[in-house]
Amino acid sequence: MAIAFHRFCQFLLIFVVALALALFSILIIKGIAGFNLSFLIEPMANAGLSGGVRYQILGSLILISSAALIATPIALSFCYCFQNLSPFRRPLITLLHALNSIPSIVFGFLAFLFFVIYLSWGKSWLAGGIILAIMITPSLSFFLIDSLKALPTKYTETTKSLGLSFDQRWWKLYVPLLLKPYLTGLFLSLGRAAGETAPILFVACVFYGAGLPTGIKDNPILSLSYHIFQLSQEAYDPQAVSRLWASALLIVLIVLVLQTPYYYFWNKKRKGSQHAKLKLTD
Amino acid sequence: MAISGLAKIKTKHVLAFFAEHRSRASLTRLIALIVFGSVIFLSLGAFIFLVWKSGIVLRQEGPSFFLEANWSFRGNSYGAKALFLGSMITAFLALMICAPFSLFGAWALQNLRSEKTRFSIEALVTLMASVPSVVYGLLGILLLRPFLLQIFSPFGMETGDGLLTASLLLSIMILPMLFSLHLENFSKISKKYREQAFSLGLSRTKFFWSVVFPLGLPAILSSFALGLGRAAGETVAVFLVIGRLDNKLPSEGGWIDYLLNAGQSMTTKLGGPEIFISHQSPTHESALLLLALCLILMSVGTSSILLKFSKGEA
Amino acid sequence: MFTKLFKSLLLLVLVLGLGSLVAQVDASIKIQGSSTVGPIVVKAAEVLKSNKDIDIVVDTFGGSATGLSSLASGIAQFGMISKEISQEDKKKYSNVHFTTHLIGLDAVALVVSKKLYDQGVKSLSLSQIREIYEKKMTNWKEVGGPDQKIIFLNKEPGRGTWEVFAKAVYGKLKRTPLVSHLEVGSNEEAKSKVISTPGALTQLSVAWAEKDPRVKALGLLVDGKLILPDEKHIRSKEYPMSRNLYLVSSKPLNKDQRELLNFLYSNAGQNIVGDYGYLRVSKDKN
Chain H
1 MAIAFHRFCQ FLLIFVVALA LALFSILIIK GIAGFNLSFL IEPMANAGLS GGVRYQILGS
61 LILISSAALI ATPIALSFCY CFQNLSPFRR PLITLLHALN SIPSIVFGFL AFLFFVIYLS
121 WGKSWLAGGI ILAIMITPSL SFFLIDSLKA LPTKYTETTK SLGLSFDQRW WKLYVPLLLK
181 PYLTGLFLSL GRAAGETAPI LFVACVFYGA GLPTGIKDNP ILSLSYHIFQ LSQEAYDPQA
241 VSRLWASALL IVLIVLVLQT PYYYFWNKKR KGSQHAKLKL TD
Chain S
1001 MAISGLAKIK TKHVLAFFAE HRSRASLTRL IALIVFGSVI FLSLGAFIFL VWKSGIVLRQ
1061 EGPSFFLEAN WSFRGNSYGA KALFLGSMIT AFLALMICAP FSLFGAWALQ NLRSEKTRFS
1121 IEALVTLMAS VPSVVYGLLG ILLLRPFLLQ IFSPFGMETG DGLLTASLLL SIMILPMLFS
1181 LHLENFSKIS KKYREQAFSL GLSRTKFFWS VVFPLGLPAI LSSFALGLGR AAGETVAVFL
1241 VIGRLDNKLP SEGGWIDYLL NAGQSMTTKL GGPEIFISHQ SPTHESALLL LALCLILMSV
1301 GTSSILLKFS KGEA
Chain Y
2001 MFTKLFKSLL LLVLVLGLGS LVAQVDASIK IQGSSTVGPI VVKAAEVLKS NKDIDIVVDT
2061 FGGSATGLSS LASGIAQFGM ISKEISQEDK KKYSNVHFTT HLIGLDAVAL VVSKKLYDQG
2121 VKSLSLSQIR EIYEKKMTNW KEVGGPDQKI IFLNKEPGRG TWEVFAKAVY GKLKRTPLVS
2181 HLEVGSNEEA KSKVISTPGA LTQLSVAWAE KDPRVKALGL LVDGKLILPD EKHIRSKEYP
2241 MSRNLYLVSS KPLNKDQREL LNFLYSNAGQ NIVGDYGYLR VSKDKN
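Residue numbers (our numbering), protein chains in the order written: chain H, 1 to 282; chain S, 1001 to 1314; chain Y, 2001 to 2286.
Among the hints, erroneous ones may be present.
[To be verified] Each computed BS3-like pair below joins lysine-lysine, with the alpha-carbon atoms no more than 30 Å apart: (1) Y:Lys2092 with S:Lys1053; (2) Y:Lys2043 with Y:Lys2174; (3) S:Lys1081 with Y:Lys2092; (4) S:Lys1053 with S:Lys1081; (5) S:Lys1081 with Y:Lys2237; (6) Y:Lys2043 with Y:Lys2114; (7) H:Lys180 with S:Lys1116; (8) Y:Lys2174 with S:Lys1053; (9) Y:Lys2122 with Y:Lys2043; (10) S:Lys1188 with H:Lys149; (11) H:Lys30 with S:Lys1116; (12) Y:Lys2211 with Y:Lys2237; (13) S:Lys1192 with H:Lys149.
If you're looking for bench data, these hints aren't it; they were derived computationally from the structure.
Using the sequences plus the hints, can you model the full thing?
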């Protein structure tokens, strides 16, 4: 009886593993066919049916860079407030959790109303960057706060005993020490942001025509995720299909590359967790 | 939520704060406060805006917004029952499908003796979580849809688009997240009690059901709630495979027909072209804003409950 | 060191941001709207970009309705529509004066997969279409086809294609019954889904149907007479669902926008129209 359960669990695990393997194999096998240098370098032609995805890649990069630049000061401020302004801790955490849980399409909708309509920015790459920044700020802040908590106390104690004020500690101690974990967390969040479609759907993206932005208002950009979204609705045109798979493979690669530092440190962190050294009966 | 948090800041704290911290004023602190304040201000402002604007459609529809399924912007009626039902059913179904795999699969992994295999599987599943939702949507449209159509057409599935397809896709999407959470949970508990269980001669299965599962239940449930929230909020992947058919209820053709065939959810409605079209019609816009508000309330509500729950048990 | 770097980066971004706010380089032309007209304009844009270095941005998310609403709200300078501007549109956008520029002709066809066509579904009468739309007729065998459930893939109500269909079948948009069907959005999606769904029927641009051997446009039975959606019947408007393809503007045109229109009216532009299967408006030559 007990063995049956165990076998059952193993069976389910095998299923999960098979699923994951199948997922990646399909992506690689189908994607690699269309994956060549010209695909990466050339701009789109023929409404996505030929040419490459140059401006889609650039557009996605612009979006996540602006998101990074905007989210960083905000996340740092949150972290600062968390450390320094203790009465505000509870509302801060609650706010962050609340923001974190909101579906991305709601952000997209509100951003559309605010940037496109109210501010009359039209479709703008900056609006996309801002909304992505707002989306990644909560998880980035959590990451920073946890990293801060994980700092060895000996540093804090030393600096406190030296009589440094909080601000001095902040800039001279915390921020430099947080740099590595921060960058890890940042790239993790940027990886997530690179794959997002819903928030930028109404606000920053078009399918054709946008190159590099020349201003803020009325300057949409292309994005790899939106490109896949649009093309997947043509999913039965054979020309589109091969490009679709290649774009999908590309976006997964970009996300994985961005998240590599996180996985590298994740591996180290894992060593702490217990695995089944003791074999129980059955 | 925020209100109860704010309530805990009693007046004396605030006064003491300003009194003793006056000397600690600095540019950094000022900037940080400004940023924090503006985020709060913006969030509150957005929330108030949503509540205010939703009034228009509520005045027109009243409770039938929630009770009727007659959403038609051309006919100026906005009964969103089918939308709520669609969101809830797909999310719940996704969770139900995913739960055994994530839960028991994670347990099997926890019991794996080989460190290397365990690491590879963990890494693999974690990598799966990085895949963007639009790629899952693509896989859904190109692979899942025809596959399910083949299997279920004798049962009445017409196009391969539908609630079941969406739920399956969602369950695949939340699987990695739930799997990792459960694994972490089991790992923690296992670390604590494994030796004792070993010395008592417990089998792995008995260990699971008598120790790990009961102790881990709060965390398991909160993970499920997180997964449910994620599934309910997913837009792009679901948009491509749900069929986008408005106002369908199980009462019309039975549950099998309802699940196998197309439907609509709150997020897919918001992800469609109605956002652009609604621009000139205040009532239409208000209806969509009310939908967004409901989504926010649902997700924030779930996360607050989770927060209270995990703080309580920790 | 890090803080200095960070602070200088921040400064740089602020400067760039403010700079671009101030310096508005000659903006590109934004065009939004119908997925039917889209390919023509995209191709024309490619030509104009390489010949005259004019930047044109095209988006077809949401179809004709989004074309008009984007034009009205100033997001776009041109809207693309594949239908006439209706009374409801004029009422909705009462403060906007629309100017239409005809660039091509097309028609809406009811389209099935080639397989279904070969199985005997070759034409429908308007009353049969009404019955299908209102879900009163549910199986293809009732019209001479195989024993297969009719799956109607309705174009989103905001699409120009849908409005042309509704007007032709029901006379007035208002009279169109509010029935829920599976929805498809763009022409691409409609075509994809009709190919991959057994028993499917959808509204699709005739040009798109002609270009793909996997779908077939049905003829329409009007007063007993079979009218096929071919050039002759579309030009003479005998085919009930014929339609004009427009670019719409709401303000006086600037130089670049005039260039685009002139190009589209020219032989080269009309060649593009023809290449995509639509009908030319200038009667010059083929």
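Now the hints, each set against the structure:
Between Lys2092 (chain Y) and Lys1053 (chain S) the CA atoms are separated by roughly 20 Å; this keeps the pair inside 30 Å, and the hint holds. With a C-alpha separation of about 35 Å, the suggested pairing of Lys2043 (chain Y) with Lys2174 (chain Y) is violated against the 30 Å cut-off. Between Lys1081 (chain S) and Lys2092 (chain Y) the CA atoms are separated by roughly 27 Å; this keeps the pair inside 30 Å, and the hint holds. Proposed proximity of Lys1053 (chain S) and Lys1081 (chain S) is supported: the alpha carbons are some 20 Å apart, at most 30 Å.
For the hint linking Lys1081 (chain S) to Lys2237 (chain Y), the alpha-carbon distance of about 43 Å lies beyond 30 Å, and the restraint is violated. For the hint linking Lys2043 (chain Y) to Lys2114 (chain Y), the alpha-carbon distance of about 28 Å falls within 30 Å, and the restraint holds. A distance of roughly 27 Å separates the Cα atoms of Lys180 (chain H) and Lys1116 (chain S); the hinted pair therefore holds under the 30 Å criterion. Under the criterion of a C-alpha separation no larger than 30 Å, the hint pairing Lys2174 (chain Y) with Lys1053 (chain S) is consistent with the structure, at around 27 Å.
A distance of roughly 33 Å separates the Cα atoms of Lys2122 (chain Y) and Lys2043 (chain Y); the hinted pair therefore is violated under the 30 Å criterion. A distance of roughly 20 Å separates the Cα atoms of Lys1188 (chain S) and Lys149 (chain H); the hinted pair therefore holds under the 30 Å criterion. Distance check on the hinted pair: Lys30 (chain H) and Lys1116 (chain S) sit about 29 Å apart at the alpha-carbon level, within 30 Å; holds. With a C-alpha separation of about 21 Å, the suggested pair Lys2211 (chain Y) and Lys2237 (chain Y) falls inside the 30 Å cut-off, and the hint holds.
For the hint linking Lys1192 (chain S) to Lys149 (chain H), the alpha-carbon distance of about 23 Å falls within 30 Å, and the restraint holds.
Consistency with the previously given hints fails for numbers 2, 5 and 9, ordered from lowest to highest.
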